[in-house]
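Based on the provided sequences and hints, a complete structural model is requested.
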Amino acid sequence: MHLKPFLTSALRSATSGGARYHVWMGLLTLVMLAGAWAYSIQLRFGLGVTGLSDHVSWGLYISNFTFLVGLAAAAMMLVLPAYVFDDVDFGRAVLIAEGVAVAALVMCLLFVIVDIGNPLAAWHLTPGIGYLNWPRSLLAWDVLVLNGYLALNLAIPFYILYSHYRGARPERKKYLPWMYIAVMWAVSIHLVTAFLLAGLPARPYWNTALLGPRFLASAFTAGPAFVIVLLWVIRRETRFPVAEGAIRKLAVITTVAAQINLVMLLSELFYKFYSPTHHGINARYLFFGLEGHHALVPWIWTAIALNVVATAGLMIHPLRRNIRWLIPACVVLFVSIWIEKGIGLVIPGFVPSPLGEIVEYVPTLVELGVTAGVWATGLFVLTALVKVAIPIELGEVRSPLAQEPQPARVIRPRAARPRYDDDRPVRIR
Amino acid sequence: MMDAPDRPSPGSVPAEGSLLAKPVDRRRALTVLAGAAVAGVQALSACRPASAVTDEEREVKLLAWREYIKGNYRYMTEAERAETIARLERQAMLQRGSAVTIQSTGAQPGVVFGYAFNISKCKGFRSCVEACINENNLDRNADTQYIRIFEIEDGVVDLDHADASFQHEVPAEGHFYLGTQCFQCADPPCVKVCPVGATWQEPDGITVIDYDWCIGCRYCMAACPYWARRFNWSAPEVPVPELNTNQHYLGNRARKTGVVEKCTFCIHRTRQGRLPACAEACPTGARVFGNLLDPDSEIRWVLEHKRVFRLKEDLKTEPRFWYFSD
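Chains as they are written, first to last, in the numbering used here: chain Z, 1 to 429; chain A, 1001 to 1326.
Everything labelled a hint here was simulated from the structure, so no lab data went into it. The C-beta atom is built at its ideal place from N, Cα and C for all residues, glycine as well. Hints are not guaranteed to be accurate.
So, partial list: chain Z residues that the calculated Cβ filter (under 8 Å) puts toward chain A [stated by the list, open to error]:
id	residue
1	F45
2	N118
3	V143
4	P354
Computed footprint of chain Z on chain A; a stretch qualifies when at least three of its residues, placed anywhere within it, have a C-beta under 8 Å from a C-beta of chain Z [to be verified]:
id	segment
5	1064 to 1076
6	1152 to 1162
7	1183 to 1193
8	1196 to 1202
9	1205 to 1216
10	1232 to 1241
Following this line, the structure appears as structure tokens:
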């Protein structure tokens, strides 16, 4: 069997590297340890060590959760063109995107675990020995779809990498059907997470039909933006060939999604502000403050400003095609959506309360520490996965038992095929 | 496990006496010990030298383990319910030295509870709030309250402009008072969203929580349109002398850190034919409680003879809590 040498060499790949690699992983480990320490305080004293209250009962953890479900879903925007439309440029980046999905899901699950008050009772969710309130509870749906998506995103890349490791070509009929399922599943995880909030008439701020589509649009903005930055880093730091076309096409996807996202934001704001009904009161708190309470006002205006500037920049072709502009624009877009969709979406749902009381929320140091720890864990997982995948994809690491070593490809690029720019018409074969 | 005391609590002396007096409990408990339980207990006691582990500590850990692996109260058999109640009563004795009685009284046939609140009579004294805190063993540390009394200016019924934190002499001129608590909705949105089925509606209309089954995700708190649910952000504290020892499994028994709780219309009282503590404590007679299925009840009289309204009727949760005025 190749499994044991596969795991051994994976471990060797993940633990060996240059000084920069070790410094990076060391820093992440330090932040993870700090996060674990902060979480131990929370475990000992309860969620009272956070800034949460009976009024604002979800905060930074759930904000990050909703944002990261989007990141996990958006990774499929690379898989879709690569496998469904057989796009060559995306071929090599697909495994990287699936690594992003896995890392984002790990963070999602960790954010849920750190948010629940009685984590030792989490086994109650297991169907059979516990009780999963499915299909009534949207949270039960979320548990199922997130774990299913994680399984898909672990199994498919594992099959492909393991095949390459054995020196074999992965069989399309074995993984392609799962790939199609994963693409649809990606949409479902984010819609379910949106429905989880949108299905609550108690919270008019979320109780809107546009929430699901808005979640998708913002995810397909922030997700590809993140992958662009990641591919850029990989191209700089490794010998993994990242096609220029992949980055260019991702930049177009990001730009289009960012525009759609802004249109949806505009419709939402029009709906909430033109006729100032009770439905708009939370948005009034978010954007302008209410009765002297305006903790989120600077955040949301910063997010909107960053978002508009980055989107406008990306819409200018020469700027978008220049990597020196593209990378900062993607970072800015990512941050702005994290604010808008994370703290700008979850927290105002609670302020004012359903009975009209205004209690604000400010996260504590413990909460920030745990949050940083979870992000560090996600980046650690992502780095390790990428580090393992690259040498296998480059054909540098092969099973000692491999029959006939051959350079493997996810999708064999046809070298003669011409590259085309995103603004030229697509040639139909 | 988290509740296991590190040092002898004030209650440990009488507890030890009662431990010797009732050796059968422990022997019976030990005989039902499963293999997994042994491993769990050993793991739990591994952090201390074996010689330092007393019988009492071992019992505390065993009780905690048995409580940890138990199921959802809603689906327990009568025997399982009796067992967990015996364990919980024993835990209260061992950990706090308080002899509590925990009922499992079920819903009475032909009873659905309803509540009516007279906004012309309430004067904002908050006697109900006080009574509720004492009756339901609410966390004194966090000042948890199930009932909120809103002071509202005459001429509007708009909670956005109401004040629930007034600190002045009442009744204030030109204002009226409106109390909220869990409305025991007929179609409760909080029940629907719970991922583990830890909260449900009983046949008498009371929405209850199994505190030991709740995982603390707080989705129900987000789903409640009336802000009726409370969370134990840290370990709840009730001084032993103030503890109400007449308890119900689904009501005012001890809660733990990280779980949700709520008003149960004083399930331990009302299922025995008594009034909820808030209704009993009200000095103005603003609170009317009774059986909606009993045509001769006072609540039915109010519903039939007064102009009544409910909060947020447009949400279709059908609260069983009405407001009326004289």
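Cross-check of the supplied hints:
1. This hint holds: F45 (chain Z) has a C-beta 6 Å from the nearest C-beta of chain A, less than the 8 Å allowed.
2. Interface hint at N118 (chain Z): satisfied, since its Cβ lies 4 Å from the closest Cβ of chain A, which is below the 8 Å cut-off.
3. For V143 (chain Z), the interface hint holds, the least distance from its beta-carbon to any beta-carbon of chain A being 6 Å, beneath 8 Å.
4. Annotation: P354 (chain Z) was flagged as interfacial toward chain A, and the flag holds, the nearest CB pair being 5 Å apart, inside 8 Å.
5. Given a C-beta distance limit of less than 8 Å, the hint that chain Z covers the segment 1064 to 1076 of chain A holds, as 3 residues qualify and 3 suffice.
6. Taking a C-beta to C-beta cut-off of 8 Å, the segment 1152 to 1162 of chain A contributes 5 residues in contact with chain Z, enough for the three needed, and the coverage statement holds.
7. As drawn, the segment 1183 to 1193 of chain A meets chain Z at 3 residues by the rule of a beta-carbon pair under 8 Å; at three or more, the given contact holds.
8. Interface restraint, the segment 1196 to 1202 of chain A with chain Z: holds (3 residues with C-beta to C-beta distance below 8 Å; minimum three).
9. Under the rule that three or more residues need a Cβ within less than 8 Å of chain Z, the assignment of the segment 1205 to 1216 of chain A holds, with 5 such residues.
10. Residues of the segment 1232 to 1241 of chain A with a Cβ under 8 Å from some Cβ of chain Z number 4, which satisfies the need for three, so the listed coverage holds.
Comparing the model with each earlier hint shows no violations; every hint is respected.
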